[in-house]
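J.: Given only the sequences and the hints, what does the whole structure look like? Please build it.
Residue numbers in the sequence shown follow our numbering, run continuously in steps of one, and reach 302 at the last position.
Mixed in with the good hints there might be a few duds.
Label pairs and their in silico Cβ distance ranges [to be verified]:
1) Gly-106 - His-260: 44 to 54 Å
2) Gly-238 - His-123: 43 to 53 Å
3) Arg-228 - Gly-78: 15 to 25 Å
4) Gly-169 - Val-26: 16 to 26 Å
5) Val-26 - Asp-286: 28 to 38 Å
6) Val-79 - Thr-136: 15 to 25 Å
7) Asp-286 - Gly-25: 23 to 33 Å
8) Val-26 - Asp-211: 18 to 28 Å
9) Thr-44 - Thr-136: 17 to 27 Å
10) Asp-286 - Glu-240: 14 to 24 Å
11) Glu-240 - Thr-136: 48 to 58 Å
12) Thr-258 - Glu-103: 35 to 45 Å
EDC-like mimics (lysine to aspartate or glutamate), calculated; alpha carbons at most 20 Å apart, straight line [as the list claims (entries may be wrong)]:
13) Lys-249 - Asp-211
14) Lys-249 - Glu-210
15) Lys-249 - Glu-227
16) Lys-249 - Asp-289
17) Lys-249 - Glu-232
18) Lys-249 - Glu-235
Simulated from the structure, these hints should not be mistaken for lab results.
For glycine and all other residues, C-beta sits at the position ideal for the given N, C-alpha and C.
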Amino acid sequence: MTGSGDDTTAPLVVGVPTRLTPLVRRVLCPNPSTMTGPGTNSYVVGTTDLAVVDPGPDIAAHIDVLAGVGQIRWILCTHTHPDHAPGAARLAEMTGAEVLAFADRGGLECTGHLADGDTVTGPDFTLRAIHTPGHASDHLCYLVEEEGTLLAGDHVMGGSTVVIVPPDGDMGDYVAAVERLRRWDPALTAIAPAHGHLIEDPAACLTYYLDHRADRERQVIEALEAFGPEGADVTELVKAIYVDVPETLHPVARFSVWAHLRKLAVEGVAVGDDVDDVDARWLAGAVRSRSD
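T.: This is the structure:
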């Protein structure tokens, strides 16, 4: 579901409010990097009194663009990572808008907090907060109920999978939250991620995410079993699993494998010396049982 004139496959353009749906515009922040892709997408919701979702980092030029789109009444953060929330203070000072998020974290000072199911209601929109922990424990997605458009923050990425960094990131929570969104009723019509293009087939995207995580979990289990009673640490597992991935990306892959191991430990499928230590040694649960 796209608004008039917007090609969701066209290059993302910094600093230009781009209409994606009748109620949602995207403004790309100039903060491209390995972790943010083309940059952070800030979203403007509404046509009169407006809400901004994820103002991004405190980059003056970007905040100036957001402040100029109209009467901003609410500033909502999906979570408090540094590429999403620091710009809230400057934008609030310029506009007098309320700042809303799950919690005060990472230097963010809110005027109010949102829990799962809470709503922010404008003249022509309703934003429903959906608690989606996994990437971050304080992560919220926001559903534009009139359209079925999900402003997904870092819970879903355009053209990429999501990095889960323990201990605040939790793979079990993440998979459960993705499954919850996949089963949402009525079904989502579009997903607007914090990084990348609008996703116009939410069901296919969320199913792919679940399949990808299941495949990666299977690879982690098989690699652990192959190491046998000696076990392995995360670095050894990454080298065994990510054979077709450039080594420059292995540091990020370490977090993913560690997150999967922590989930498997909760399920009794893997055993680690210290689940909170990324450098701990791990055994497959079946191998540990045979050696006991």
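J.: A separate judgement is required for each hint: does it hold in the structure or not?
T.: Hint check:
Distance hint check for Gly-106 and His-260: the Cβ-Cβ separation is about 46 Å, which falls inside the suggested range of 44 to 54 Å. For the pair Gly-238 and His-123, the supplied restraint of 43 to 53 Å holds, since their beta-carbon distance comes to about 49 Å. Distance hint check: the CB atoms of Arg-228 and Gly-78 are about 49 Å apart, inconsistent with the given range 15 to 25 Å. The hint said 16 to 26 Å for the Cβ distance between Gly-169 and Val-26, and at roughly 20 Å that hint holds.
At about 44 Å, the beta-carbon gap between Val-26 and Asp-286 misses the expected band of 28 to 38 Å. At roughly 20 Å, the beta carbons of Val-79 and Thr-136 sit within the given window of 15 to 25 Å. For Asp-286 paired with Gly-25, a C-beta distance near 41 Å fails the hint of 23 to 33 Å. A hinted range of 18 to 28 Å for the beta carbons of Val-26 and Asp-211 is consistent with their spacing of about 25 Å.
Thr-44 and Thr-136 have their C-beta atoms about 36 Å apart, which leaves the hinted 17 to 27 Å range violated. At roughly 22 Å, the beta-carbon separation of Asp-286 and Glu-240 lies within the given 14 to 24 Å, and the hint holds. One distance hint, 48 to 58 Å for the beta-carbon pair Glu-240 and Thr-136, holds here, with the actual separation near 56 Å. The hinted window of 35 to 45 Å between Thr-258 and Glu-103 holds, with their beta carbons roughly 39 Å apart.
Distance restraint check for Lys-249 and Asp-211: the Cα-Cα separation of roughly 33 Å exceeds the 20 Å cut-off, and the hinted pair is therefore not satisfied. For a cut-off of 20 Å, the pair hint linking Lys-249 to Glu-210 is broken: about 35 Å separates their Cα positions. In summary, the hint linking Lys-249 to Glu-227 is supported, as the alpha carbons are separated by about 15 Å, within the 20 Å threshold. Proposed proximity of Lys-249 and Asp-289 is supported: the alpha carbons are some 14 Å apart, at most 20 Å.
For the proposed pair Lys-249 and Glu-232, the alpha carbon gap of about 13 Å is at most 20 Å, so the pair holds. At roughly 15 Å between alpha-carbon atoms, Lys-249 and Glu-235 fall within 20 Å of each other, so this suggested pair holds.
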